[in-house]
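Chains as they are written, first to last, in the numbering used here: chain A, 1 to 324; chain B, 1 to 324; chain C, 1 to 320; chain D, 1 to 320.
Keep in mind that the hints were calculated from the coordinates and are not lab data.
One or more of the hints may lead you astray.
What the hints assert, rightly or not - Derived DSS-like pairs: lysine-lysine, alpha-carbon spacing no greater than 30 angstroms straight-line: (1) 312/A - 27/D; (2) 180/D - 127/C; (3) 211/D - 127/D; (4) 211/D - 160/D.
Stated by the list, open to error - To give an idea of the interface, some chain D residues facing chain C are shown, with a C-beta separation under 7 angstroms as derived from the structure: (5) 147; (6) 151; (7) 194; (8) 195; (9) 251.
Glycine is no exception: its CB is placed at the ideal position from the N, C-alpha and C atoms.
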Amino acid sequence: MKRMTIVQAINNALDIMMAEDERVFLLGEDIGHMGGDFGVTRGLWEKYGDERVRDTPLSEAAIIGTAVGAAMVGMRPVPEIMFSDFLGTCYDQIVNNAAKMHYMFDGQFKSPIVIRTATGGGFGGGPHHSQSVEGWFMNVPGLVIVAPATPADAKGLMISSIENDNPILFLEHKALYRVRGDVDESKYSTPLRKAAISREGTDVTVVASMKMVHESLAAAAELAEEGISVEVIDLRTLRPWDEETVFASVRKTGRAVVANEAPKMGGLGADVSAAISEECFSALKAPVRRVCGLDAPIPFSVSLEKLILPGKDDVKQAIKAALA
Amino acid sequence: MKRMTIVQAINNALDIMMAEDERVFLLGEDIGHMGGDFGVTRGLWEKYGDERVRDTPLSEAAIIGTAVGAAMVGMRPVPEIMFSDFLGTCYDQIVNNAAKMHYMFDGQFKSPIVIRTATGGGFGGGPHHSQSVEGWFMNVPGLVIVAPATPADAKGLMISSIENDNPILFLEHKALYRVRGDVDESKYSTPLRKAAISREGTDVTVVASMKMVHESLAAAAELAEEGISVEVIDLRTLRPWDEETVFASVRKTGRAVVANEAPKMGGLGADVSAAISEECFSALKAPVRRVCGLDAPIPFSVSLEKLILPGKDDVKQAIKAALA
Amino acid sequence: MDVLLDLYRDMWVVRAFELGLEREFKKGNVPGMLHTGLGQEAVQAAIAQSLRHTDAFFPDHRCHGLLVLAGTPGEKIMAELFGKATGVCSGKGGSLHSADPSVGNFGDNAVEGSMMATALGVALAYKMQKRDDLAAVIVGDGTSGRGEWHESLNLAATWKLPVLYCCVNNGYAISTAVGKAHATENLYEFACAYKMPSIQVDGNDIVAAHKATEEAVDHIRKGNGPFFIEYKTWRWQGIFSGEFRPDDEVHYWREEHEPIKLAQQHLISSGIADAAQLEQIKAEVEAQVEDWITFAKDSPAPDPAKATSNVYVGWEIAAR
Amino acid sequence: MDVLLDLYRDMWVVRAFELGLEREFKKGNVPGMLHTGLGQEAVQAAIAQSLRHTDAFFPDHRCHGLLVLAGTPGEKIMAELFGKATGVCSGKGGSLHSADPSVGNFGDNAVEGSMMATALGVALAYKMQKRDDLAAVIVGDGTSGRGEWHESLNLAATWKLPVLYCCVNNGYAISTAVGKAHATENLYEFACAYKMPSIQVDGNDIVAAHKATEEAVDHIRKGNGPFFIEYKTWRWQGIFSGEFRPDDEVHYWREEHEPIKLAQQHLISSGIADAAQLEQIKAEVEAQVEDWITFAKDSPAPDPAKATSNVYVGWEIAAR
Ligand SMILES: Cc1ncc(C[n+]2csc(CCOP(=O)(O)OP(=O)(O)O)c2C)c(N)n1
Ligand SMILES: Cc1ncc(C[n+]2csc(CCOP(=O)(O)OP(=O)(O)O)c2C)c(N)n1
Ligand SMILES: [Mg+2]
Ligand SMILES: [Mg+2]
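Pulled out of the complex, with its shape left as it was, chain A reads as follows:
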């Protein structure tokens, strides 16, 4: 066990997989010598060289297309899109190419790529560097969305993702990059499609993802002092998400809050909330509440940004409303 940040944990996972499997290679902007905008690939270029840690021009569509093509013939590419906001420039490649190929050619090709990208707000990045984009991709069959909240999960999920045969969008929340935790230095994997129960509780279930897992845990800790027992679920895989774990928890607690950073309308939380209400109808003692960003772009000014993004207090308030 070693204390690591999420940056280091992902770096460690990439290192392990590259050492073990020649087919794994990285491509993206400034991931080589520079080690990526956030340092996630630091040291890998020195170790694995230009061919396997490949700097690209600002050609996001070609980055994804290249990854897909290489994956079709047996490679295991891990492309990086520097900020998730830029995924709009390669949306077609992800949605119409990577995610549909296996189906439309009836299984003759696979597209095992892991698209790493830095996502989320909270650092004054402004409207084009702060978005949470999972909602853009939630309605895309064939695509997997993975989003860790802890260093240990970041490593294990990255390893699982590289070993998985599906195209995966791997979301790395910028505000969590420096979060530290204990990480096993050997190779291990964390299952996809399996949520984690980050905190057990009996009064209400909070279903969260990424940074909102931490906000929810903080809310739960404070509410525990008021005698409220909150169960916090970290979805980890956002598409397809783990209905079994979520429904079991809600059936136990009878109350649910869904927390994610992106705007409420049409976001991840809509799907989770709708599914809970449909499937746990008779168990529900209160309406499912969504804690999300406001329906606006992310402004540059930090004080305004705070008003748009949801936080611990919003989770607390929703939990209290659910219990009222």
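Fit chains B, C and D with the ligands to the known structure of chain A by using the hints.
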């Protein structure tokens, strides 16, 4: 009043707006001489010429970018993207440019564009010509999504859209293009953000869009014979959608089914269903059910496509389940 | 046997396949949309001839004949276009997505131009895997409008990837003339910006098209990086079979400069074959195509289970 | 007064603005990310000089100084970068999105390259509106990797739109050298593919940069369509202020070929000004910039109501 198809109704709306307002112009692939892949712009090139009905290369990103730029300086562009599946190639322009500009420059610019596009399945178009894409855009603040189901609405909504100051994605369902209805030949507008009650009923509310409005009306007609009274709501504006009308209806009937063609997970229906369950919790006598496409791309084979897309019988079944 | 005679037969495979398909389409037996390769037989024959099974190629929407020439049994391509269980993709892909990796057919991407990026990845992988195979991508003139065009050419040139760009310039994108939509009518000029070797060739002259393709492939296999060929040609199909092009243009391409006629003249005048031999080749191919059509017609619709299979690798999706 | 003396002052506006900003950024007073225009003063001065308020320009992420030269009061730009209520966009845009339509500043799009498409639309509209104004778009060398680059150049050339492409080739995209990521190091060559007039100019030589820009603007205003200028220059800022470029390269650009020094030498040797005059200009500008910084610092944070205003035109969004 004149009998028109949706194709003719939209054509008529464009004609009226172009005649009346010099700032309105069209651009897209083969919309001129040829009148568009589906004939929606037929005759307009002859009438308004090359400058205002502008054929473009296969440059979808530039089509939208051009529209946005022109809109910033006072024009009213109506760009066409031939098939909605191709919106992935200009996703960035729509999401990061058109939809955010008004906000990020704090009101100094507007982006009044109406992106017309043919959407939906049911004609053997295969995986890249058959998708329903509203789910790709439901989580995008600043964007408006309009989707008519009848000729009269198609005309009135197109006129409202061109007159509106926001960027609008205007979805034209291919399977509805030839649907006929009575259309007033003079200029009129149909309000945005206002759903239509397509059929009144008391037992259950069906909230539908585009082709699923017709499937739902057919289901309602058949169920009426069994003594079941179904209220069918046509959302018309999908983002932001008309909560007031929907909630009022569900509070009246106590039961709701949400019907849309795209895959269930992360689709429009998720948002509508979640919002109903949250806001009408105490009025609900049964869980809200979603009738959607299966979580797969659209296959080419017509027999397989039928299995993926939802239809009248699926709506009927969901209604019966809600009443059981 | 002379390679030109092979190529002549190949051109007839494209011609007969498309004529048969068009006939069935008009009868309502072929679902969806249809773009035919009629008029572009020499281009397709030339490309197919120069590739080998270990190469990868990305066909465009008019390449049905080429898919057969690449080595897939004709009936399996035909059945795919009919949406049948016996098709190469079990009817899930159709005309626009009929892949067959066993012969290097990587399938069309109906979002025109997007596969130009995919081809980069295949070429890069082949290079990393130390194979001397290449990735060919077949794209129309209209497709040169797409941003991926630039991203692809730039990276292929910068990374010296084994990509063969086959640009089929038939003068139009649907109804839009090349010159109306692009800064040049000679698309090989675009390649110059990337310092990529490029050539424009008469795509209706099988001898010239074949020679150019062979040279390009040879250049690439020697490790010199990408090559760009612009084939000047013309398609019979106008706008959804309607005609909108000037009469003299139609006359030139369909009569004077028609690829099969040109090939016949060449074969006969150079003494490689006589008229009777050529007639026999045509008849044989036509008969074959009719068999494929019959096979496709008689084939069953896909198994309903196919509707939901292979969405994810290894995972099932939820039923309704 | 000689235009070169104006340009000299303008270069100092860029320099002093960025130095002041960088200082405050390091102190933690400026939120978010920061890309400075240090080293590119001549390019910015030249571009600003040739445009007029009725033109449109799309600045890149290093153009803070240019925004001021365009005519927006310096304190309003500075305040925007501090995220304050008094900024041009009330603090909602920040460094990457500081628009001011009153002087033709159409704002940066931080998705690099995407505004190359937007510029087309402005140029098209101006043409349709029979104005003889133009749309200038300022993009870095790295941005030439984007597909929008091609879509934009192709359409501007085909439609003969009044677009001025100002390509600021400072040799790197973040840490990636031009030649590593592109098929050519001389990006004006890309423009040749579109038969668009283009020129490469020493972007650190204010005389040359000014002349080239004037000529290009003149060409466009006469209705001849787009023009492409590649300014060869260099930015002081390495990777997030770290240095990774070879010593001799750093020395050349920061010492020998530094734009303000070059301008000084020229002004003095040609007798346009003496050292004292130049020193005074510098001192005046520096004092001004400090005022702007003070203004920005003293300004209030944006009104909370701004967080949710102007998402839609005319419609409110839901509260939490
Ligand atoms: C990105 C994209 N835009 C538009 C279309 C619709 N479309 C299909 S074929 C075609 C014309 C293509 O022209 P070209 O590349 O010259 O091929 P041709 O049909 O002439 O062989 C268009 C516009 C598409 N499939 N993909
Ligand atoms: C589409 C896109 N990809 C990547 C980035 C991240 N990014 C910001 S600046 C930059 C480098 C741009 O290089 P260049 O255009 O040469 O400008 P310079 O910073 O050198 O002035 C990159 C990769 C971005 N903003 N947008
Ligand atoms: Mg063509
Ligand atoms: Mg640069």
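Hint check:
1. 312/A - 27/D: Judged against 30 angstroms, a Cα distance of about 29 angstroms means the pair holds.
2. 180/D - 127/C: holds (18 angstroms)
3. 211/D - 127/D: Within the cut-off at roughly 25 angstroms; holds.
4. 211/D - 160/D: holds (23 angstroms)
5. 147: Result: holds, 2 angstroms to nearest chain C Cβ.
6. 151: The hint holds - residue 151/D has a Cβ within 7 angstroms of chain C, the shortest such distance being about 5 angstroms.
7. 194: holds (4 angstroms)
8. 195: holds (6 angstroms)
9. 251: Interface hint status for residue 251/D: violated (28 angstroms vs cutoff 7 angstroms).
Of the numbered hints given earlier, the model fails hint 9 alone.
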